[in-house]
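Mind docking chain B on chain A? Use the hints.
Chains as they are written, first to last, in this note's numbering: chain A, 1 to 112; chain B, 1 to 115.
Worth flagging that the hints you see were computed from the coordinates, not collected in a lab. Only a predicted model underlies this, so the values are computations on that prediction, with no experimental measurement involved. Ideal Cβ placement from N, Cα and C applies to all residues, glycine included. One or more of the hints may lead you astray.
To be verified - Take a look, some chain B residues computed to stay more than 12 Å from chain A by CB distance:
1. Lys18
2. Lys22
3. Pro61
4. Arg63
5. Phe64
6. Ala80
Claimed, not checked - Calculated pairs, DMTMM-like style, for lysine to aspartate or glutamate (alpha carbon to alpha carbon, straight line, at most 20 Å):
7. A:Lys99 with B:Glu58
8. B:Lys41 with A:Asp82
9. B:Lys19 with B:Glu67
10. B:Lys40 with A:Asp11
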Amino acid sequence: LAKTTQPISMDSYEGQEVNITCSHNNIATNDYITWYQQFPSQGPRFIIQGYKTKVTNEVASLFIPADRKSSTLSLPRVSLSDTAVYYCLVGPRMDSSYKLIFGSGTRLLVRP
Amino acid sequence: DTEVTQTPKHLVMGMTNKKSLKCEQHMGHRAMYWYKQKAKKPPELMFVYSYEKLSINESVPSRFSPECPNSSLLNLHLHALQPEDSALYLCASSQVKASGAYEQYFGPGTRLTVT
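So that you can see chain A by itself, here it is in the shape it has in the complex:
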């Protein structure tokens, strides 16, 4: 499975846009890129998933270049409540399930 590399931590201020980049040089043809958010003592929460180009939903955007060796999660206008750990994962689909291996994650701290 493709290994991911993310910054260990990032700091930002309320109202700013935050971009977290993930490197996955060994991504396979059938791998999808998924981002999760986790608050302390809670289960991770799905943010966004993509295969190539750009994906946008109500909370974030995901940018994937043509070679798919990296991806960038963009959080527009962050607030204090966005302080959390963000995980980038890559993995294939398998029937109804899929195998996700979590990387070390990025601890985002949003300051007032």
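What follows is chain B alone, placed relative to chain A:
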């Protein structure tokens, strides 16, 4: 209902005890998962069930025994655990969204302490 529930929230057990963790979802998902998470570490995949059949076992010690009695329920039976097994145990289920994306829904976890 987009919720995965887990019971108990907290569990303290001795090394000779037998206990079980329970996970339930009523979203019609046909894949369910167990993860283990130590403090300040990412979740580690333990088991995957697909259509009530075990499809992945990530070389987990036999003192952890999963069971999927039906499509809504997932159990994790614990026996003769070690103190290093103390962790947050997370359950998840997944489906294919209309967009084609696969999304896992996680429960809040069971905080397990082995004494």
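Pro61 (chain B) non-interfacial with respect to chain A [C-beta, more than 12 Å]: For Pro61 (chain B), whose nearest Cβ neighbour in chain A is about 19 Å away, the distance exceeds 12 Å, so it holds.
Beyond 12 Å from every chain A Cβ - status for Arg63 (chain B): Fine: 23 Å to the nearest Cβ keeps Arg63 (chain B) off the interface.
Interface exclusion of Phe64 (chain B) relative to chain A, criterion Cβ beyond 12 Å: At about 18 Å from chain A, Phe64 (chain B) clears the 12 Å cut-off, so the statement holds.
Non-interface claim for Lys18 (chain B) versus chain A (Cβ beyond 12 Å): holds, 25 Å
Given hint Asp82 (chain A) paired with Lys41 (chain B) - CA-CA distance at most 20 Å: holds, 19 Å
Consistency of the no-contact label for Lys22 (chain B), given chain A and a CB cut of 12 Å: Fine: 15 Å to the nearest Cβ keeps Lys22 (chain B) off the interface.
Hint consistency between Lys40 (chain B) and Asp11 (chain A) [alpha-carbon to alpha-carbon, up to 20 Å]: holds, 18 Å
Lys19 (chain B) paired with Glu67 (chain B) [C-alpha distance capped at 20 Å]: holds, 13 Å
Distance rule for Ala80 (chain B), whose beta carbon must clear each one in chain A by more than 12 Å: holds, 26 Å
Lys99 (chain A) paired with Glu58 (chain B) [C-alpha distance capped at 20 Å]: holds, 10 Å
Of the numbered hints stated above, none is contradicted by the structure.
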